[in-house]
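> Below, each chain spelled out in residue letters.
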Amino acid sequence: MATRGFTGRRPGDEAAARLPPGQYLTQDFPVLQIGATPRINPDGWRFTLREGSRPLKSWTWPEFEALPRSPWTGDIHCVTKWSKFDTAWEGVTIDDLLADAGLAAPTPFLLAEGYDDYTTNVPVADLTGGKAMVATRYDGRPITPDHGGPARLLVPHLYFWKSAKWLKGLRFTRADEGGFWELRGYHMYGDPWREQRFTGD
Amino acid sequence: MIEPAPARPLPWHEARIVSITPVARRVKAFRLAVSFDRPVLAGQHVELRLTAPDGYQARRSYSIASAPGDGVELMIESVGDGEVSVFFDTVAEVGDVIALRGPIGGSFVWQAADDGPVLLVGGGSGVVPLLSMLRHRAVAAPDVPALLLYSVATADDVIVADELTARARSEPGFDLIVNLTRDDTGRRVDATTVERALSRLGAPRHAFLCGSNAFVEAVANLLLDAGVPPGVIRTERFGA
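Protein chains in written order, with numbering that gives the first Met the number 0: chain A, 0 to 200; chain B, 0 to 239.
Check the hints yourself; a few may be wrong.
Claimed, not checked - Calculated lysine to any residue pairs in the SDA-like style (CA-CA distance at most 20 Å, straight line):
| hint | chain 1 | residue 1 | chain 2 | residue 2 |
| --- | --- | --- | --- | --- |
| 1 | A | K80 | B | A51 |
| 2 | A | K80 | B | P229 |
| 3 | A | K83 | B | A51 |
| 4 | A | K83 | A | L18 |
| 5 | A | K83 | A | K167 |
| 6 | A | K80 | B | G172 |
| 7 | A | K83 | B | D142 |
| 8 | A | K167 | B | V85 |
| 9 | A | K80 | B | E170 |
Hints in this document: simulated from the structure, not taken from any laboratory.
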């Protein structure tokens, strides 16, 4: 049913084709997080792959910076309705991470874990094949702390709450376990093109 | 922080506007008649959806200002040319029906059992979810110490100024610091302001910060510098 008197302001045709349902285009880069920006000392920074509680492989910051980096430019979509076009990132693809660790993914699911104890679940199939990276650069510069630096997950084809900030590791899980927001009513998968914002969407 | 509840689908409701009240120079309060299928917690928000005759839809999220159990009141600021805020400022009338769903959010939430002291820091319209907490505190936990540090441009921009002043006068344990950034002696919230708030309240058990990203980031860092543990601080941000 139409809202009386609402005409709206449509985006141009090109923008409309790139916007998932219910999203609007922003030129800003809003910040969403549950608490203060953690203060991360590069000397103490570690990135760890785990299977359950068992560590599989860990990198220090210099080791992580020595890994091959790939660029990715494209559109990102936040569940709070903003989308931002042509964002330029650089980082280590999950494929390259697994290759450096000499591992195949041991399970089909994982939880991304942040230094702020944030967690979010992503199927491994949505991270491999060049679909995701651990990003360390935005717009050619180190990612600032408010946007998740020094390293954040980037899974651009899912709502951006899946792209965990201040990433400290990936924990492989046997089952698809919900993370912080998924346990609070947000969708387990979060595809913006199917508008999977909340449970049942 | 609430315990995760079993996830249930979040249905859309038709909400009728029952009153519209100016609450600051560019902000109006909209009271809506709607019954959700789950309880509202102080600090949560709703998603609303406007539909044009050709089916085009715009969606936005707004925090709830009312206390849990007291219906749904939203406060919407007229921000320049925003398609949704312009609609609410110039078109919406009492009796109009808006599609709404919620309540949403389980992190930026305060309940009586969470206890205090509670430090609330709001910038501009970021005060809205904090207002819900204050209103809830007054009825559900009046003994819990709370302090609102509220930063706005000018005195005319203070949302529900009369209510806040009255609460500060009549509610023991509730303290108010209004910081004006653009009056004659205006300044941004700084280390001195934060120290003053902390010395009047005592060490907070919970700190809720809401406002623009720049404001929230600055205040969160000031609180960390002042020794407030990171786990105490919850944030909600809008814009850039």
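> Please list, smallest to largest, the hint numbers that this structure does not respect.
2, 3, 5, 6, 7, 8, 9
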